[in-house]
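Peer 1: Residue-level listing of the chains:
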Amino acid sequence: MPFNCPAAPADPDPSLVLQTTTVSAGTELIRFYSKSKKYPADSFNPNTGKRIDVEEDGARFNPFPGAPAPNVPTMYAADTLPAAALESVFHNVDHSPSPSFPKMQLVDWHYSRLKVMRNLLVLELTNPHLRQLAVPGRPTSIQEGELIHSPTSEYPNTRTWARFLHESLPTLDGLAWRPRLAGTGWSYVFFGDRFVAGDLKAEPTPTNVDSGSEIRRDRANCQVGQYPNHRIRISRMSQNKRWQVKAHDRDPNAGFLPIRATCAAFGLPLDNQNRTSPKHPYLLYPRDL
Amino acid sequence: MANTNVAAMSSAIVLEPEGIQTLDVGSAMEQVVATLLKNGPSSGAAYGVLVYDTRGPRPQPNMLIAAQTFFRAYRQAWKVLTHIADFTHAGSAREPLQTIENKYFDHVRFFVGLATEKVLKERVKPSPGVYIMTAHLDAGLLKVLNLPALPERFRDLPLVMQVESVTEAVQGGSHPIHISINEGNVLDSDLPERHGKIEDEVEEAISRDTLEWRQQFMRSNPSWTSAQVAAESTSTARNRAAIASRWLREKKIFAIRYEGQQCFPRFQFQDGVPSPVIAQVIKIFPEHATGWDLAYFFATPNPNIGGRKPIELLKSNPARVVSLAEAFAHPADAF
Chain A
1 MPFNCPAAPA DPDPSLVLQT TTVSAGTELI RFYSKSKKYP ADSFNPNTGK RIDVEEDGAR
61 FNPFPGAPAP NVPTMYAADT LPAAALESVF HNVDHSPSPS FPKMQLVDWH YSRLKVMRNL
121 LVLELTNPHL RQLAVPGRPT SIQEGELIHS PTSEYPNTRT WARFLHESLP TLDGLAWRPR
181 LAGTGWSYVF FGDRFVAGDL KAEPTPTNVD SGSEIRRDRA NCQVGQYPNH RIRISRMSQN
241 KRWQVKAHDR DPNAGFLPIR ATCAAFGLPL DNQNRTSPKH PYLLYPRDL
Chain B
1001 MANTNVAAMS SAIVLEPEGI QTLDVGSAME QVVATLLKNG PSSGAAYGVL VYDTRGPRPQ
1061 PNMLIAAQTF FRAYRQAWKV LTHIADFTHA GSAREPLQTI ENKYFDHVRF FVGLATEKVL
1121 KERVKPSPGV YIMTAHLDAG LLKVLNLPAL PERFRDLPLV MQVESVTEAV QGGSHPIHIS
1181 INEGNVLDSD LPERHGKIED EVEEAISRDT LEWRQQFMRS NPSWTSAQVA AESTSTARNR
1241 AAIASRWLRE KKIFAIRYEG QQCFPRFQFQ DGVPSPVIAQ VIKIFPEHAT GWDLAYFFAT
1301 PNPNIGGRKP IELLKSNPAR VVSLAEAFAH PADAF
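Chains A and B are the protein sequences, given in the same order.
Start counting the first sequence at 1; every next residue gets the next number (the numbering used here).
Start counting the second sequence at 1001; every next residue gets the next number (the numbering used here).
Check before you lean on any hint, since a few could be wrong.
Result set (DSS-like, lysine-lysine): computed pairs, CA atoms no more than 27 angstroms apart in a straight line [stated by the list, open to error]:
no., chain 1, residue 1, chain 2, residue 2
1, A, Lys50, A, Lys37
2, A, Lys50, B, Lys1038
3, A, Lys201, A, Lys37
4, A, Lys37, B, Lys1125
5, B, Lys1252, B, Lys1143
6, A, Lys37, A, Lys115
7, A, Lys38, A, Lys201
8, A, Lys115, A, Lys38
9, A, Lys35, A, Lys115
10, B, Lys1079, A, Lys50
11, B, Lys1309, B, Lys1251
12, B, Lys1079, B, Lys1125
13, B, Lys1252, B, Lys1309
14, A, Lys35, B, Lys1118
15, A, Lys38, B, Lys1079
16, B, Lys1038, A, Lys115
17, A, Lys35, B, Lys1251
18, A, Lys50, A, Lys35
19, A, Lys35, A, Lys201
20, B, Lys1121, B, Lys1143
21, B, Lys1283, B, Lys1143
22, A, Lys115, B, Lys1079
23, B, Lys1252, B, Lys1315
24, B, Lys1251, B, Lys1121
25, B, Lys1079, B, Lys1118
26, B, Lys1315, A, Lys37
27, A, Lys201, A, Lys115
28, A, Lys50, A, Lys38
29, A, Lys50, B, Lys1315
Worth flagging that the hints you see were computed from the coordinates, not collected in a lab.
Model, not experiment: these values are computed from the prediction.
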C-alpha cells in the first residue's frame, strides 16, 4: 500500500484559516446513489448507525460524528459523469494493471443531475490548499496523496479529516478533490447539516446504469466538459442484456496513466489504438459465460 | 479546420425569414457568429447559413433546396445533440465558449457560449456545410416546420450547430452542399455497426478474462461435487445423497457451475456442515446474484481489510465477513 493517511487533530481548530473555493449557484452536478434505498436525489445520506472506524461502513469522507452525537449526513457528487462514477460506483477499484470490477454491483446504482441553487463554500483537497493543515506529531502537512489516493483501508483516518474540517470551519459546505482514478473533474462531498431544502435541485427521474429502459444503446458518447479525451458511454452488453458504463479516450497520445486507469476502471479501452499489449488491462466480471 | 482555405469557398447562402440571400463567405460568417458575440449588437434574424465548397458544383441559389438542406442538417444536428449525455453549461455569460465535437459524429459540431470577436474568429472557422443559429428558431416555429425541439438543456443557450456534410442527394444532379467529409449516412448505418463490433470485441475479452479468473479460482479453491458433500457430511439426515441440493435450496450454501459441473467451494463447510456465516452472506446478496458472484466476493482481496480475502476471516471473524458482504452487495449504501 503506497499511501497511508495520518489521523487529523482530535479537536477542532477554530483559528484555522484556509483558502476556500465557491461552487457557484447554477452549477450542474451528477450524483450516483443507491437505487434500492429509494431516497430522493437531493436528500443526504443520514449515515445512521455507521461507524467512523469501520472501513466498509462508509466511504472516504463519511461517516463522521457531528457535535455532539449523531453522524453528519453526507452526499457525494461530481461535476462530470466520469468523475461522479469513478468516485462512487468504481471507488473501490484498485490501482493495478488488471483491476477487476464485479458487474453485479452496477445494479445497486442510479444517478441524477443536481443543480446547485446557492453558492457553496468548499475546500479543495489539493496540496496548495492543504499546506496549512498540520498533522499532529510530524513537521509536514497533510497531503493530497494521503487523503485522496490512499486505499480503502485508510478510510477510518481520511474520515477524521472530514470531521476536523467540518468542525473547525462552521461555514464550510463540503470538500472538493480530483477523482483518484482520473485526476480530472471535481468530486465533492457535502455536509447535510449545512444545507436547507432547496439548496440543491434534482432532476425528476434518476437514470439507471443497469437496465436499458432509460438509456438508448448508443445514446451517450460524448465529450466530457473541457476534457475532450475523456468520453463515457453507457451501453447495452450484447449478450446478457445488462448495461455497462464505459469510458475511453480517442487521442492515442493523450498520456498513459489517468486515462488508462479510467478505462480500466470502466472495464475497457474501446479502441485498440493505444494498447501496447494484447492483454486487456481490466477484468470485468460478467454473470454468465 | 486550421487549413481551410476560405478563398476556396466561393459563396454562402443565408436563410432569413424573408428568403435567401447569396453572400461571400466572410459576410455570411458574421451572421453565424453574431448570436455568440459577447456584448454584440442585435444578432439579426438569420436561421442558418449554407457555406459551399468550390470543388462541388456551383450552387444555383434556390430557396426550396436551401430550405430542404437546412431541415436535413437540423435533424442531423438534433439527433447528435440528443446523444450528448454529459453536458453542463451554467448559461451565464461568463462561461467561455465551448466547442463540442463527437467522435462518432465528426461531421457535426456545436459552439456553445458567448465569446469576443477575436475568439470567435479563431474558433468558428468557416468550412463547407450548414450553420444553424438556434437562437432564431423558437419552439413554435420548429413545431410548424415539424422539426423536433432542442433538448431542454440546450435551449436558451447561445448555440450554433454546424453540420459539415449533408448526406442525402438532391434530385436534379447537383448537391447543394459538396459532401466533404463523410460519405454515407454515418448516423443511421455505420455507427451501430462500429459500436457493435467494438462491443463484441470487448465482450469477448471480458469473457476471456473472466474465464481466466474462474480457472484461477478453481486452482486455488478446492471444491466438492454434491457426492463429495454427501460423503463428507456429518449430517444425520435420512437422505444424505441429496444433502447438497437441500442445503442449496435452503440457501445454506452456494454452488458454481464449472466445466458443466455443479461445484461447491469447500470453504463453505466446517466439520462437514455449512458454516452459518455462509447463509448470512447469501441472504445479504440480491436475488439476481449467482454463485460466481458469491465466490468472487469470498475469494477476492478486499480493500477494506487491507487486501486480505474474506475467506481468511471465515473462522476468526465471521461478523466482519457479514459486514464486508453488506458493503459488497449494496455498495451504494455509503453514498
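Peer 1: All the hints need checking, so say for each whether the structure fits it.
Peer 2: Hints versus structure:
Distance hint between Lys50 of chain A and Lys37 of chain A is fulfilled; the C-alpha atoms sit about 15 angstroms from each other, no more than 27 angstroms. For the hint pairing Lys50 of chain A with Lys1038 of chain B, the CA-to-CA distance comes to about 51 angstroms; that exceeds 27 angstroms, so the pair is violated. Taking the CA atoms of Lys201 of chain A and Lys37 of chain A, the gap is about 19 angstroms. The hint holds against a cut of 27 angstroms. Distance check on the hinted pair: Lys37 of chain A and Lys1125 of chain B sit about 50 angstroms apart at the alpha-carbon level, beyond 27 angstroms; violated.
Between the alpha carbons of Lys1252 of chain B and Lys1143 of chain B the distance comes to roughly 61 angstroms, so the proposed pair goes past 27 angstroms and is violated. Taken as a hint, the Lys37 of chain A and Lys115 of chain A pair is honoured in the structure, with Cα atoms around 22 angstroms apart against an allowance of 27 angstroms. This hinted pair checks out: Lys38 of chain A and Lys201 of chain A have alpha carbons roughly 17 angstroms apart, not beyond 27 angstroms. As the CA atoms of Lys115 of chain A and Lys38 of chain A are separated by approximately 20 angstroms, the hinted pair is consistent with the 27 angstroms bound.
Using a Cα cut-off of 27 angstroms, the hinted pair Lys35 of chain A and Lys115 of chain A holds, with the two alpha carbons roughly 20 angstroms apart. A C-alpha spacing of about 46 angstroms is found between Lys1079 of chain B and Lys50 of chain A, which places the hinted pair above 27 angstroms, so the restraint is violated. A C-alpha spacing of about 22 angstroms is found between Lys1309 of chain B and Lys1251 of chain B, which places the hinted pair at or below 27 angstroms, so the restraint holds. Distance check on the hinted pair: Lys1079 of chain B and Lys1125 of chain B sit about 23 angstroms apart at the alpha-carbon level, within 27 angstroms; holds.
Restraint check: the Cα-Cα separation between Lys1252 of chain B and Lys1309 of chain B comes to about 20 angstroms, which is no more than 27 angstroms; the hinted pair holds. In summary, the hint linking Lys35 of chain A to Lys1118 of chain B is not supported, as the alpha carbons are separated by about 48 angstroms, beyond the 27 angstroms threshold. Proposed proximity of Lys38 of chain A and Lys1079 of chain B is contradicted: the alpha carbons are some 32 angstroms apart, above 27 angstroms. Only pairs whose Cα atoms come within 27 angstroms are accepted, and Lys1038 of chain B paired with Lys115 of chain A is accepted, the gap being roughly 25 angstroms.
Simply put, Lys35 of chain A and Lys1251 of chain B have alpha-carbon atoms about 25 angstroms apart, close enough for the 27 angstroms limit, and the pair holds. For a cut-off of 27 angstroms, the pair hint linking Lys50 of chain A to Lys35 of chain A stands: about 19 angstroms separates their Cα positions. Straight-line distance between C-alpha atoms of Lys35 of chain A and Lys201 of chain A comes to about 18 angstroms, which keeps the hinted pair within the 27 angstroms bound. Only pairs whose Cα atoms come within 27 angstroms are accepted, and Lys1121 of chain B paired with Lys1143 of chain B is rejected, the gap being roughly 33 angstroms.
Between Lys1283 of chain B and Lys1143 of chain B the CA atoms are separated by roughly 54 angstroms; this puts the pair beyond 27 angstroms, and the hint is violated. For the proposed pair Lys115 of chain A and Lys1079 of chain B, the alpha carbon gap of about 25 angstroms is at most 27 angstroms, so the pair holds. For a cut-off of 27 angstroms, the pair hint linking Lys1252 of chain B to Lys1315 of chain B stands: about 16 angstroms separates their Cα positions. Restraint check for Lys1251 of chain B and Lys1121 of chain B: the C-alpha separation of about 68 angstroms exceeds 27 angstroms, so the hint is violated.
The hinted pair formed by Lys1079 of chain B and Lys1118 of chain B fails the criterion: a straight-line CA distance of about 30 angstroms is larger than 27 angstroms. Proposed proximity of Lys1315 of chain B and Lys37 of chain A is contradicted: the alpha carbons are some 31 angstroms apart, above 27 angstroms. Only pairs whose Cα atoms come within 27 angstroms are accepted, and Lys201 of chain A paired with Lys115 of chain A is accepted, the gap being roughly 5 angstroms. The straight-line distance between the Cα atoms of Lys50 of chain A and Lys38 of chain A is roughly 19 angstroms, inside the 27 angstroms bound, and the hint therefore holds.
Among the hinted pairs, Lys50 of chain A with Lys1315 of chain B is consistent with the structure: their alpha-carbon atoms are about 24 angstroms apart, no more than 27 angstroms.
Against the hints set out earlier in the document, violations occur for numbers 2, 4, 5, 10, 14, 15, 20, 21, 24, 25, 26.
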